[in-house]
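Protein chains in written order, with my numbering: chain A, 61 to 440; chain B, 579 to 1082; chain C, 221 to 502.
No lab work stands behind these hints: they were computed from the structure. Hints are supplied without guarantee of correctness; some may be wrong.
[Claimed, not checked] Per the computed footprint, the stretches of chain C lying under chain A, defined by three or more beta-carbons under 8 Å from a beta-carbon of chain A, are:
1) 345 to 355
2) 456 to 462
[As the list claims (entries may be wrong)] For each label pair, taking beta carbons as the anchor points, the in silico distance ranges come out as:
3) Tyr-496/C to Ala-669/B: 49 to 57 Å
4) Asn-1021/B to Lys-441/C: 56 to 64 Å
5) Asn-295/A to Glu-736/B: 19 to 27 Å
6) Gly-252/C to Ala-860/B: 26 to 34 Å
7) Tyr-496/C to Asn-138/A: 18 to 26 Å
Here a beta-carbon is modelled for each residue, glycine too, at the ideal position from N, C-alpha and C.
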Amino acid sequence: MIDNRKIESERFLPDKDIENCGLFGVMNTSGTRFGGEMAINAIKNMKVRGNGLGGGFAIYGLYPQYKDYYALHVMYENKNDEAKKNAEQFLHENFYVVYDEEIPTNPEVDVFCPPLVWRYFITPHKKEINGVSEDEYVISRVMDMNKYMQDVYVFSSGKDMGVFKGVGFPEEIADYFMLDKLYEGHIWTVHSRFPTNTPGWWGGAHPFSILDWTVVHNGEISSYGTNRRFLELHNFYCTLYTDTEVMAYAVDLLMRRQKLPIEVVSKIFAPPMWNSIKYMKEREKQLYTTLRMVYAPLLMNGPFTVVIANQEEMIGLTDRIRLRPITAGAKDDFVFLSSEEGAIRYVCPDLELAWTPPGGEPVVARLNSKDHLKSLNKSV
Amino acid sequence: MYSHLLPEFVVERREDRCIRCRACERQCPNGVHVYDSDLDTMFSLEENCVGCQRCAVICPTNALSVRHHPAEYRKNSSWTRDRFQNLKKQAETGGVVLTGSGNDKSYRIYWDHLVLNASQVTNPSIDPLREPMELKTFIGRKPDTLKINMEDGEPRVESELHPNLELETPIVFSAMSYGAISYRAYKSLARAAKESGTLFNTGEGGLPAEMRAEFGSNAVVQCASGRFGVDKDYLNSAAMLEIKIGQGAKPGIGGHLPGEKVAEHIAVTRMIPRGTDALSPAPQHDIYSIEDLSMLIYALKEATNYEKPVSVKVAAVHNVAAIASGIVRAGADIVAIDGLRGGTGAAPLATRDNVGIPMELALAAVDKRLRDEGIRNKCSILAASGIRCSSDVIKAIALGADAVYIGTAALVAMGCTLCQKCYTGKCAWGICTQDPYLVKRLNPEISTQRLVNLLSGWSHEIKEMLGGMGINAVESLRGNREHLRGIGLQEWELNTLGVKGAGE
Amino acid sequence: MNELNLKFGFRDNFLEGVRQPEELEQFVKTCGQQAEIDAQNLRHKEINDLIRDTAKRQIKHIILRNVCGHRYIGTRLSNSEGETVKIDVYNYAGNDLGVFLDGHHINVYGNAQDGVGNTMNSGEIVVHGKAADVAAMSMRGGKVFIRDNVGYRAAIHMKEYKDKVPVLVIGGTAQDFFGEYMAGGKVILLGLNLKEGEMHRANYIGTGMHGGVIYLRGNVKDSQLGKEVGIRPLDEEDKEIVEKYVKEYCSHFNCDPGEILNSEFKKLLPVSSRPYGKIYAY
Chain A
61 MIDNRKIESE
71 RFLPDKDIEN
81 CGLFGVMNTS
91 GTRFGGEMAI
101 NAIKNMKVRG
111 NGLGGGFAIY
121 GLYPQYKDYY
131 ALHVMYENKN
141 DEAKKNAEQF
151 LHENFYVVYD
161 EEIPTNPEVD
171 VFCPPLVWRY
181 FITPHKKEIN
191 GVSEDEYVIS
201 RVMDMNKYMQ
211 DVYVFSSGKD
221 MGVFKGVGFP
231 EEIADYFMLD
241 KLYEGHIWTV
251 HSRFPTNTPG
261 WWGGAHPFSI
271 LDWTVVHNGE
281 ISSYGTNRRF
291 LELHNFYCTL
301 YTDTEVMAYA
311 VDLLMRRQKL
321 PIEVVSKIFA
331 PPMWNSIKYM
341 KEREKQLYTT
351 LRMVYAPLLM
361 NGPFTVVIAN
371 QEEMIGLTDR
381 IRLRPITAGA
391 KDDFVFLSSE
401 EGAIRYVCPD
411 LELAWTPPGG
421 EPVVARLNSK
431 DHLKSLNKSV
Chain B
579 MYSHLLPEFV
589 VERREDRCIR
599 CRACERQCPN
609 GVHVYDSDLD
619 TMFSLEENCV
629 GCQRCAVICP
639 TNALSVRHHP
649 AEYRKNSSWT
659 RDRFQNLKKQ
669 AETGGVVLTG
679 SGNDKSYRIY
689 WDHLVLNASQ
699 VTNPSIDPLR
709 EPMELKTFIG
719 RKPDTLKINM
729 EDGEPRVESE
739 LHPNLELETP
749 IVFSAMSYGA
759 ISYRAYKSLA
769 RAAKESGTLF
779 NTGEGGLPAE
789 MRAEFGSNAV
799 VQCASGRFGV
809 DKDYLNSAAM
819 LEIKIGQGAK
829 PGIGGHLPGE
839 KVAEHIAVTR
849 MIPRGTDALS
859 PAPQHDIYSI
869 EDLSMLIYAL
879 KEATNYEKPV
889 SVKVAAVHNV
899 AAIASGIVRA
909 GADIVAIDGL
919 RGGTGAAPLA
929 TRDNVGIPME
939 LALAAVDKRL
949 RDEGIRNKCS
959 ILAASGIRCS
969 SDVIKAIALG
979 ADAVYIGTAA
989 LVAMGCTLCQ
999 KCYTGKCAWG
1009 ICTQDPYLVK
1019 RLNPEISTQR
1029 LVNLLSGWSH
1039 EIKEMLGGMG
1049 INAVESLRGN
1059 REHLRGIGLQ
1069 EWELNTLGVK
1079 GAGE
Chain C
221 MNELNLKFGF
231 RDNFLEGVRQ
241 PEELEQFVKT
251 CGQQAEIDAQ
261 NLRHKEINDL
271 IRDTAKRQIK
281 HIILRNVCGH
291 RYIGTRLSNS
301 EGETVKIDVY
311 NYAGNDLGVF
321 LDGHHINVYG
331 NAQDGVGNTM
341 NSGEIVVHGK
351 AADVAAMSMR
361 GGKVFIRDNV
371 GYRAAIHMKE
381 YKDKVPVLVI
391 GGTAQDFFGE
401 YMAGGKVILL
411 GLNLKEGEMH
421 RANYIGTGMH
431 GGVIYLRGNV
441 KDSQLGKEVG
451 IRPLDEEDKE
461 IVEKYVKEYC
471 SHFNCDPGEI
481 LNSEFKKLLP
491 VSSRPYGKIY
501 AY
């Protein structure tokens, strides 16, 4: 995966991926699990937003029977058995592996060069290893595997959740992994990709995940280089060269490590203009001035819409001048986020609410709350 | 006028030859030549001179020569005369320095570091004067394979093809809008394209209604960010549609056609009120990403019942190869790439001279990328910017272009001398102006003929060079980099161009 | 990237699997001068093929059922003989509704998405709901009525030309960059859903505006306006214009024009027809 020359010079870093797309997310805020029908049909409705080069799903509340274990989804490129042996040896050395199996797939579905995909439910041998928390330990081991092992790619590593992704239109990926038949969850996010590089690599599809955080993203972040260099200061080294990866690491840094609330993080990614800050009340002015000053390198400049999720939350956010579309919708306990309203209507004809949040204003759907309605007041 | 600026040019008048005919005075739109009747002498206001050479070639006694002004600042490699002058202009106005035509900086011109092959002994060269030599080119999307049915033992094509256009020579006039250039210049391009079996491009200034029936089948009509004159009639009158995303001379920025250039007929063609600024926004506001581009491509196809190929023109920028791949996957039939040296009627100097990459490198990268992805035949590539001669054309084709766009070369054929003052609207050659007095200088019959001559001269040269390589159909040279070698290029440049060094 | 030495190649998201109109006849029901098309399982091109073919059969009223994000409705229809078609859309029209529309009438009984009336030439679009971003972008003629709100950049670069003066009437409020780059046309923003004392929230209203006019009911702060925009009171001619289009709005959506017209309107005008005339050093 990694070209050693890149250590010599940034000149040899691969080109960044341009990845525009359609995205969709649905959450049941009471935590009730449901099947994949809505997510699959919605993204199918937006087929023209992708180009068949990648599709993927993230599902939360996926493995209740193993919810205390990290669920690793691993793809073995070229169905490389040797790689699998090495990876499994590594896993057994570093973790207690409670259960593993091949992720079932439908052989009837014709997809492009599928890798062998396996899942492992694991836990570290100790709660804390050399002062490093479980989470950090898992992240670092996963990163090691992705960096150093040939033909091995761990694409999902959270608890009670999983990512399924590959090359093709998302509905083909769903068919291949039989998502609508086999799985339920309380959050489904899905991504239909329109990329311009690495066609044909399954790991390049989205969502991108780090522990139980997943990101699906539409747009192209013009500040990518600035963001990436800032993340490197905090020991996040990008390996995929995508905006989504940068976004995911930034979320991990700010929300998981630095424990900032999403309401603040969204204002770091998509801060108000200086011209708006000028007219704010003193306390707000100070807050936003400080945020922009301190986190300037994490301003995500350029068009984006993201749907970020973890076990508790599903968050939708656009850039500060809303160059990419997002529509939010709600009915009963269901909250929807989508690139196009039509897709929500297609899977939920009796939708109660549909709204368009302004740029930089997050829609936060939380378990057992109505927090998503907060953004409604600021929306049209 | 500006204070404290040195004149750019000096006008030397040989008094022994000057007959006081005052032709120079009448011909100069900038008021350089002044006649004093009391003294019976011609004077020169040199600070107004733009160096267009109109007076020098008009002067019946060859009394005039216009050359760079000898006045110099103290020699300084960093603070050149250009920088001084521009800085002083800005200090005086607080404005953005404008310029016209293409980048004139000394960035490497790769055409001049590539040489062509010829047949010797192992296969015969071909003489195009007597043997057939084919330049016919189809541009548009091609299928990967054909479905052929045998009917009574005769094969018949079953597949439905995407629309393609037939060019007699792989040279197309690039986008120059009516409004930026005069009606006569614009129509000369249209007539020359029709006569030569190729295409002209309307730019974003619309296609005058009275020209549609006659020249529509040779017109590429643009749908750009200003959407000037874009309606269903306009789209359906053309042979091909082009979505203009960017222009090599000014990637990433929009354009302003000043109100004083928007005369009645231009206003009608652009469908805007007379005398208002025609502002083209920087982006198309319905395209903020690749899937939005796909939306507009299919909107245009919907509007024309899927009967016309759609081109997408982008400026050559850093990741142009990835962008081109996205454009093809978004449904475009043609990708047009406009490089660093592409011309313009007006652009901020800072942008023109500093943004974008040379077309040769961009073209090579795009062609390779599309081949690597297996989608090269899904589109045709039109290469634009800085094509000066037939050998540039043939080298572009060998690097992977299906055809080239020429703009500056066509203007030069009509009379342009690249004085770079297009934005002033005072073109002494009657090309880039709407002043009724100036536009009359361009005789449309003559300029049409000059353009036709240019295409036929170049085509002939291309045939000679193709024949020399032992090739008798231009498609056999397309992307055939075996026929190119680099001279004086570094390793990375050869790699990007995908050509061997000379002797390798 | 794979041991099979395969190239991924090309997937056509738009045309792959699109059926020929002959195969889709079961989705069209004709009854005299009227036809109904069931869009439930139709792709973007398929529905527009059917609309085109139906209109060719001299049917002047087409009802589309189960529309959910279908794009380009109305775009394919030509208007060469000046014969227009009325299309009723149930319920959720997709992006680029009526892009390049030429004289036809479209009613949407539901919400519309991005790009309603994009580069529209003539005709009428009535949306019984809201519209998303870039509504009436680069519109040059005809009328668009949106009952509720519009998203970002409504009326961006709308322009007028001789007798072609586009009109956009919005019942609700708008998001940022409303009327950006406007070069002509008339835009009326009614703010009917604003609460007592609530202001419009759009920022950068009319930024870069150099033609046309915005009539605005409800309040905005000066800081919400672009620097190219000035506020004026309405004169008699303006009042007539507002009255005319508010009445049309009310007739489309069954509401009382009297109350709306009794409230105060502001007129937003460009301060210059050449906002960028002075930024260059020649």
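Hints, one by one, checked against the model:
1. 345 to 355: holds (count 3)
2. 456 to 462: Our answer is that it is violated, as 0 residues pass the Cβ test (under 8 Å) against chain A, missing three.
3. Tyr-496/C to Ala-669/B: 49 to 57 Å: Since Tyr-496/C and Ala-669/B have Cβ atoms about 20 Å apart, the given range 49 to 57 Å is violated.
4. Asn-1021/B to Lys-441/C: 56 to 64 Å: holds (59 Å)
5. Asn-295/A to Glu-736/B: 19 to 27 Å: violated (59 Å)
6. Gly-252/C to Ala-860/B: 26 to 34 Å: Once the Cβ atoms are compared, 50 Å apart, the range 26 to 34 Å for Ala-860/B and Gly-252/C is violated.
7. Tyr-496/C to Asn-138/A: 18 to 26 Å: Since Tyr-496/C and Asn-138/A have Cβ atoms about 57 Å apart, the given range 18 to 26 Å is violated.
In this structure, the hints that do not hold are numbers 2, 3, 5, 6, 7, in rising order.
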